[in-house]
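A.B. asks: Kindly generate the complete structure, drawing on both the sequences and the hints.
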Amino acid sequence: MEEYVYPIILLLVGVIAGFINTIAGGASLIILPILIFMGLPPNVANGTNRIAIFVQTIFSTAGFKSKKVDAMPFSLYIGLAALVGAIIGAQLAVDIPPVVFNRTLSVIMILVGALLFYKPKLSLEALGERTSGKYLSISLLLFFVIGIYAGFLQAGAGIFIILTLNLVNRFTLVKSNAAKSIVIFILTLGALTVFVINDVVNWKYGLILALGNAFGAWFSSRWSVQKGDRVVRLFLVGMIGVMAIKLWFF
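Taking my numbering, the leading residue of the sequence shown gets 1, the next gets one more, and so forth.
Keep in mind the hints are simulated off the structure, nothing from the lab. This structure is a prediction, so every number in the text was calculated from the model and none was measured. Hints may be right or wrong, so weigh each one.
Using C-beta positions, here's what the derived DEER-type ranges look like [to be verified]:
| # | residue 1 | residue 2 | range |
| --- | --- | --- | --- |
| 1 | Asn198 | Glu129 | 16 to 24 Å |
| 2 | Ile30 | Gln226 | 23 to 31 Å |
| 3 | Leu76 | Leu167 | 16 to 24 Å |
Glycine included, each C-beta is placed from N, C-alpha and C at the ideal position.
C.D. replies: In C-alpha cells:
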C-alpha cells in the first residue's frame, strides 16, 4: 500500500475510533495494529495513539458538558489517582523491548476480550451513587491500578473505567462515559508527557489521527446522551462481539 494513502486511512479510522472510545471503549486494539502496520515501532505506535486519545477526550468532555452531563468533582479525584498509575505504566511501556511489547499486547488482547465476554450484567438504573467513604477509597485504589494499565497500553481502559463506575459507584452508563472522558484526559496527559520526553511519538500520524478522533468523540458524546443508557449498553455488547471475533479468528 502506498504511504500517501496512510493519512486518509488514519483520518477515517480516527473518526470511528473516537466514536467507539467515547461511547464504549476498546478502539485502541484496532488503532495500534494499524499504526504498527504503517511502519511505526510498537512503542512509537503506543505513544502516537496517545495524542489522538488526549484530543479525543477534550472534545468528548465538551460534548457531554454541552448536554449538561457532569461528573465533577469525583472524576477529578479518581483521575488524579489514575494519573499517578499512568506515569508508572507509560514508563514501563517505553522501557519494554518491542518483541516483549508485541507479545504482551497479544496476551492483553486475549484477557480483555475474555473479560468483556464474561463481564457482569450492567445495571440500567441509577440505584444511588456511592462516591464517598469506603467507596471513594476503593475507587482511588482501583483507578490507580487502571491508570497503570492505561499508561502502559490504553486499549480497553475505557471499558474498565465504565465497569468500575457503574458497578462500584453506581453511575449510569451515560454519566460513567462523561466521567471516563475526564479521567482519561487526566491520565493521558501524564502518559503522553512520558512518551514525548522519551521521543517515542510520531506527531504527523498522531495529529491526523487526533483530528478524526475529535470529530468522532464530539458526535458520539452528544448522541449517546440523547439516546441514553440503552444505546451505550448496545455498543458495549457490540464491542464485545467485535473483539471476540478478532481474537478468535485473526
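A.B. asks: Taking the hints in turn, state whether each one holds.
C.D. replies: Going down the list of hints, with the structure as the test:
Restraint check, Asn198 to Glu129: a C-beta distance of roughly 39 Å breaks the suggested window 16 to 24 Å. In this structure, Ile30 and Gln226 meet the distance hint of 23 to 31 Å, their C-beta atoms being roughly 25 Å apart. Evaluation of the 16 to 24 Å hint for Leu76 and Leu167 yields a pass: the beta carbon distance comes to about 21 Å.
The structure shown violates just one earlier hint, number 1.
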